[in-house]
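Those protein sequences? They're chains A and B, same order as listed.
Residue numbers for the first sequence follow our numbering, so the first one is 16 and each next one is one higher.
Residue numbers for the second sequence follow our numbering, so the first one is 1159 and each next one is one higher.
In short, the hints are calculated from the structure, not lab data.
Just so it is clear, the structure is predicted and the values come from calculations on it, not from any experiment.
No residue lacks a Cβ here, since even glycine has one placed at the ideal position from N, Cα and C.
Be aware that a few hints might be false.
[Unchecked claim] Cβ-to-Cβ under 8 Å is the rule here; a few derived chain B residues that face chain A: (1) 1165; (2) 1188; (3) 1260; (4) 1293; (5) 1309.
[What the hints assert, rightly or not] Stretch-level coverage of chain B by chain A, calculated; a stretch enters the list once three of its residues show a Cβ under 8 Å from a Cβ in chain A: (6) 1226-1239; (7) 1244-1251.
[Stated by the list, open to error] Now the stretches of chain A that chain B is said to cover, found in silico as 3 or more residues with beta-carbon under 8 Å: (8) 50-57; (9) 228-237; (10) 317-324.
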Amino acid sequence: MLPDNSFLIQYPHVSRVVRSLFLTAFVAFGVGALMGLFQALHRTNVLRLFDSTDYYTLLTLHGVLLAIVFTIFFLAGVFAWANTRSLDRPPVSKPFTWFWVAAMSLGTTMAGVSILGGLIPASDISADVLFTFYAPLQAHPLFYIGLALFIVGTWLAGIDWFRQFLAWRSENPGERIPLQSFMVLTTMLMWFIATMGVAVEVVVFLIPWSLGLMPAPNPLLTRTLFWFFGHPVVYFWLMPAYLLWYTVLPKISGGRLFSDPLARVVFVLFLLLSTPVGIHHQYVDPGIAEGFKFIAMTNTMFLLLPSLLTAFTVVASIEHGARQRGGTGYFGWLKALPWRDPAFTGMALAGLMFAAGGFSGMVNAGMNINYLVHNTIWVPGHFHLTVGTAVALTFMAGSYWLVPRITGRELYSRPIGLFQVVLWFIGMVFMSAAMHRGGLAGIPRRTAEPQYSQIAFETVAGSVGNLRLQMAFGGVLLFVSALLFLVNVGLTAMNNKPARGLDAALPPALSGPEQSPTILDNLKLWALIAVVLVILAYSLPLYSIVQGAGLYPAGHEASPAVIAPLLEVIA
Amino acid sequence: MHVHDYEKLWLGASLLLIVGFISTIVYGAVGAGVVMVNDEGGQVNPSELGNTTGFDDPGVTKVGPGEYEVHIVAMQFAFRPGTVELPANSTVTFYVTSRDVVHGFQVVGTNANTMVIPGEVSKLTVEFDDPGEYGIVCHEYCGSGHHGMASELLVKEPSNFTMQDDTQTQTGGNGTTNATATATGGESA
Ligand code: HEM
Ligand SMILES: [Cu+2]
Ligand SMILES: [Cu+2]
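Please take these sequences and the hints and turn them into a complete structure.
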């Protein structure tokens, strides 16, 4: 039997919500991983199952399913669990919760169908625009409307969590916000601000344009609005992983979080700094003055701070855990950690990869050195370390710990889990290292062909052919690992053995919240400062972009020009 | 607020690292003179490039001793001109724009790299000291034929270099190496 204080017994309804969110996340993960395998084999010329012109449909699916659907559905599941667990009360309204789950799911389905339409030549529906959908490349309206609906769903989810928090607050006036809830709320505040960019882009410009109601918008403007959202979204992916590192990993490693106040500072820094940096994705865009790029660069560098602080706190907490388990010595404590536990090992390897990804990210952020790597395959090399491993592997490892808690079933196989997380790590070492080196040789990202007749790519060491093989090999390992994960989780959900020892409590931090000033919990203040910083960083660049070419400059046409404008269809 | 000594040390070191990074970039900009692509190129009407000075007849123009301007038009799925020839020891300013969607422009193996956005002109200045052959690749997805979008840049010994005919016409073809003075279009798919 499950103990009375286990999450599933206390909150059966929230557990169901989390299960349904995870299910969508894992389906998206499986399909996305399959696309990843196709890409890795196709663009290295190892195995070609599709036409090169269809490559971009698969790549759109890969980017959208993994970077948007898998990550954000999983985030919603983790946040629904964490907010409920730490406030120790359920959300205010069950129908409201299901409403946002439905909105997110419907939006995802619409976008997914429009992308898949690209593989069926007979349908006029297509959305071969990649997950960045830069206008004037155009997708079917279904794609943009689905996306908008999905975003609205995430807003409602945030509102749900805030309502839950406010209900808690009225019962607990004057108390410090529980740490996990604090993390959920600051992350959602960041998300509300960040999604303003993409919401304006999609709702004001792209939907009316794709329906044929409005002319083509200024491409630099929509691009800038996209990156207004496109950078903070990477922290949105990362925050549930951080939440697990800060609150679950110490427990798994047998210890306690080193410092609660520092964890709060880190999340506040992300709220403040995540958005006013988006222009660093546009270092080599024309039409934006160098000064604006410089400001974005400076903010970006300061955004390193919360991640560097996280590295300290997480390692210190793990070390504390190891010493509680009897570990000693300078490095000898490492041996005392629960390396046989896939949840621990997966998160630890994810953290290690994040350090590597952080370094390649510092190169990207270095404004002038960005010339060397911009839009080369170095960039996917970088983000498969960050979102593709630090986040995705933490989610997989976290699932091994969390899925038994929301299903009440014993994990099907720890050895498979352990093998799977290590395999992901090894696969990523191969694929990502090859991508980084290929990028330095000038090989572009987002292309179906390994070779160009006019171009000889030159590597510093080793041959390009060799790099291609390493990339394909890594891709195969990653796909096998993804499959093992899905099988293991699937069999867990069907496992008849009840899980054991599911105590919902998490150990308190070594330095508790009482050590920090209460102003840290003043969410209104931080939200206000965050908005001011965004206005400072973006008002002048946006103003000058609109001054330059206007909102609807003349001479822009949609591509492909296949979508009959709505007005014509009606007429 | 209680902050552990080790935390303080780490915080200090982190801030030092950050300030260090920013300093190297400032040095790159001020000391080494790396200029970012910026808004100097101005705007154009992407449907009217045929009537826009420079882009109406894209290619190389000599503007001073050892100084050249190159206008390049990106389109689905080619660059015009398909081959650019320049002498070594030259300072070259590229003006690149797009006739249709967003493209990319990178001289492979160098740091000449810019986004190409319809309606905007990317201006970047590059020095070519030594002779050599470079590939130019479109590095931003621009449609189903994106992987065929590439061209060439030939940097020649100054003694072997003659200015290309300024009234060249564009022809189809796959932009293979062709050491004559006419450019061939790069409309390989
Ligand atoms: C089975 C594991 C995976 C494999 C084999 C794989 C492979 C690849 C390859 C080869 C590319 C480069 C395509 C190109 O630029 O031509 C790519 C792009 C990408 N991948 Fe993955 N990947 C995997 C997992 C993931 C995961 C877990 C995520 C995120 C959670 C992810 C996110 C992305 C994104 C956002 C892109 C860029 C798409 C674009 O440029 O539009 N991938 N992947
Ligand atoms: Cu292009
Ligand atoms: Cu292209």
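Results of checking the hints against the structure:
| no. | hint | result |
| --- | --- | --- |
| 1 | 1165 | 6 Å, holds |
| 2 | 1188 | 11 Å, violated |
| 3 | 1260 | 5 Å, holds |
| 4 | 1293 | 3 Å, holds |
| 5 | 1309 | 6 Å, holds |
| 6 | 1226-1239 | violated (count 1) |
| 7 | 1244-1251 | violated (count 0) |
| 8 | 50-57 | violated (count 0) |
| 9 | 228-237 | holds (count 3) |
| 10 | 317-324 | holds (count 5) |
Hint check: violations occur at hints 2, 6, 7, 8; the rest are consistent with the structure.
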